[in-house]
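Q: What follows is each chain in one-letter form.
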Amino acid sequence: MKKIRFIAQKELYHILRDMRSLIIIFVMPVMMTCLYGYAINMDIEHISLAVIDQDQTVQSRALIERFYRSNYFFPPKYPVNYHDPDQLMRASNAAAVLTIQPGFERAVQTQQAFELGLTIDGSEVSQAAAVQAYASGLLNEYLQDRLPPGTTLPGVRLAQQVLYNEDLESAHFFVPGIVSIILLMVSALLTSITIAREKDTGTLEQLLTAPVSPGQILIGKLLPYIGIAFIDGLLVLGFAKILFSVPFVGSFWLLMAVELIYVATALSIGILVSTMVPTQQLAMQFALLLTMLPSVMLSGFIFAVKNMPVFLQGVSRIVPATYFLKVVRGIMLKGSGFAVLAPQAGFLLILMMIFLLMAVRRFRARIG
Amino acid sequence: MWRAYIGVIQKEFRQGLRDRNTLRMLFFMPVIQLLLLGYAIQTDVKHLWLDVYDTDRSELSRKLVASLKAGDYFDVTDMETSGDNAPLWRLDQRFKEGKAEMALVIPEDFARKLETNQPVTVGWIADGTDANAARTGIGYAGQILRQFSSSVIGRQPNVQIRSEFLYNPEAESRFFMVPGIVATLLTMLTLMMTSMSIVRERELGTLEQVLVTPINSVTLLFGKLTTFTIMAMMIMGIALNLGILWFHVPFVGSWAFLIAVSLLYLLTTLGIGMFVSTITSTQQQAMFYAWFFSIFTMLTSGYFTPVANMPIWLQRVTLVNPMRYYIEIIRGIMMKGSGVWDLHLDIMALAIFGVVIFSFSALRFHKRTT
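Chains V and D are the protein sequences, given in the same order.
Quick note on numbering that gives the first Met the number 0: the first sequence kicks off at 0 and runs consecutively.
Quick note on numbering that gives the first Met the number 0: the second sequence kicks off at 0 and runs consecutively.
Simulated from the structure, these hints should not be mistaken for lab results.
Be aware that a few hints might be false.
[What the hints assert, rightly or not] Here are some, though not all, of the chain V residues that point toward chain D, as calculated from beta-carbon distances under 7 Å:
#1 L157
#2 S169
#3 M291
#4 Q312
[To be verified] Restraint-style ranges between C-beta atoms, simulated for each label pair:
#5 H365(D) - I349(V): 55 to 61 Å
#6 S66(D) - V314(V): 47 to 53 Å
#7 V316(D) - Q110(V): 48 to 54 Å
#8 S150(D) - K305(V): 46 to 52 Å
#9 E58(D) - I353(V): 49 to 55 Å
#10 K2(V) - G204(D): 48 to 54 Å
#11 S66(D) - W252(V): 21 to 27 Å
#12 E114(D) - S69(V): 51 to 57 Å
Note that CB positions come from ideal geometry on N, CA and C, so glycine has one too.
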């Protein structure tokens, strides 16, 4: 026990002395939370829409006003050459062009069939579909307001209700996810360097000649990082609460318990990496490649796993962040309990065992 | 002078080609990243998991469910509505387990009301956790229900919108992402190559050795930068052709124009790489700074999500992000065939950044080495 404590203490001194690592440890989580929270915003609003009004009547102007008064559309910022709608889009001055041909007013009054033209810049994919939906919704509202008062239209209506994130804030979705990315980064990246550094500087041999077993070295080295990872996790959670007012519905202690399993998994990956490569440089590159890219891209952090090709869906199953993401979001936003999250926690546990076994094996083999 | 310059380029190429790890990083990484990201990134919301609680079980209600099933917007699960097995309150449970994202509740009098020309309301419950998916799903539902209604009551609103998607009629998110991936690759690779190569020479002490030869620091610097420019353009060529051949991304505009603008953009990234090399002393530090800078520029460039969605203060920050302009240019050229006049504002911004950053860093580098 005492030996483990000494190793842990030594490791802690190493960390505290190294400014560069300290920056990674405490500044990065804060920066990442702000960046992802503010920059990744899927709420599509403020779309620049140019209108070519060839009708020039009271009705057409009322329609245009309704479009611009909704939160979705605003007129293009730069003066626009209306004779060449194509140029508007090539220069990205407008995301869509609405054309109102002559006869619109007459059609509204006489109930004749009429078509409005909407040309959408399809190169901004995520925006294009939304533009279409918003426009047809706004037009429908406009037409309904033009009906004589008291008429009820037959047909199906939608009564919609949103659970868990009533205001549909993107930040509520992304910020909890950052916890899983940060924890992984801190745990895997830093531990991968720690053993490689001892190899680089030749102190690993010295450590091994001391009266401690390899297992004790491993555990002692890991303890400080577990502590740091937890502090980082709390830091991100705190920022989520203060800056983005993300709700926390579920049990805090359940989250901490699963976090422990997750951190242990990430640490095992870090050690595995550091036993495989000879230098710090390579360790860092490897750890980045093995953890950051898959956990950001393949875990469902930003992009839904089920829309990926089957092969990548398979890969996402061995990415620990995939499981932890579901747990964090479930606990924080939906208040899910243990019964619901047990499968995720179980998978994490299995992944941890596999990585840890591989890591200890390799570490022993290299020492022996 | 010229011979020294050519000599430096030769040395750099030889050094680069000799080192397996560097080679791997230079040529494997772009290919893997492009393939991985090209497949993984799907910004369009599709195949939402929808639970249907049909308490009516009439022909009309089944028709509604069928119209939701058509198309690839919803993957429908038909939930039992009678018996103890699946009462409605399991809805919350299904959301928590992550087995459903949306639920539709059809009331018992659905068909009766429709047939007697009365309005009828159906319930649509969405899991708001993924705000984007929820909002899009509700939008789809509204559209499908509108179509269903007008086909049942046989009347359509008289004014319709006919919409047309330019440049990307199938709304493929790959067409949107691939130019972005190429831009980020170019940025990350040139930044890392420049900063690490200079710092490595300093770390190994070979920088002094080179400088005692008749090669002066300016020649050395330009030789190195020329090498990186050539390599970067090669990588860009590989990545772009891969995108075009493998993912069938369109390339409408002019290659020559794209290459010219890319060279202009490289002024900036090479300049920042040089700057990083003057403020760091080890390769690891250089790598970390370069990496951090890349992430920051990537997230605020409009690569993932449109800049217009960000809060106003962050939009102002993006104005000083060179990658923001470059991404707009490369997307414009590839997908829309934009020309010089269409993009003149972005090009001017890139030129200003390039000249200022490059000359500032070159001066700093010169000062530090003499």
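Q: Between S66(D) and W252(V), does the beta-carbon spacing fit 21 to 27 Å?
A: Violated, since S66(D) and W252(V) (Cβ atoms, about 46 Å apart) do not stay within the stated range.
Q: State, for the Cβ atoms of S150(D) and K305(V), whether the hinted interval 46 to 52 Å holds or is violated.
A: Violated, since S150(D) and K305(V) (Cβ atoms, about 30 Å apart) do not stay within the stated range.
Q: Does Q312(V) hold up as a contact with chain D if the rule is Cβ-Cβ below 7 Å?
A: 10 Å, violated
Q: Verify the CB-CB distance for E114(D) and S69(V) against the hinted window 51 to 57 Å.
A: Taking Cβ atoms as reference, E114(D) and S69(V) lie about 35 Å apart, which means the hint is violated.
Q: Measuring from beta carbon to beta carbon, are V316(D) and Q110(V) in 48 to 54 Å?
A: 50 Å, holds
Q: Does the CB of M291(V) sit less than 7 Å away from some CB of chain D?
A: 9 Å, violated
Q: Minimum Cβ distance from L157(V) to chain D below 7 Å?
A: With a minimum Cβ separation of about 5 Å from chain D (threshold 7 Å), the hint on L157(V) holds.
Q: So the hint says 48 to 54 Å: do the beta-carbon atoms of K2(V) and G204(D) match that?
A: For G204(D) against K2(V), whose Cβ atoms are near 40 Å apart, the range 48 to 54 Å is violated.
Q: Would you say the C-beta atoms of H365(D) and I349(V) sit inside 55 to 61 Å of each other?
A: 57 Å, holds
Q: Please check whether S169(V) passes as an interface residue: C-beta within 7 Å of a C-beta belonging to chain D.
A: Check passed: Cβ of S169(V) comes within 5 Å of chain D, closer than 7 Å.
Q: Is it true that the C-beta distance of S66(D) to V314(V) lies inside 47 to 53 Å, as the hint says?
A: 35 Å, violated
Q: The hint says 49 to 55 Å between E58(D) and I353(V); measuring C-beta to C-beta, is that right?
A: 53 Å, holds
Checked against the numbered hints given earlier, this structure breaks hints 3, 4, 6, 8, 10, 11, 12; the rest are met.
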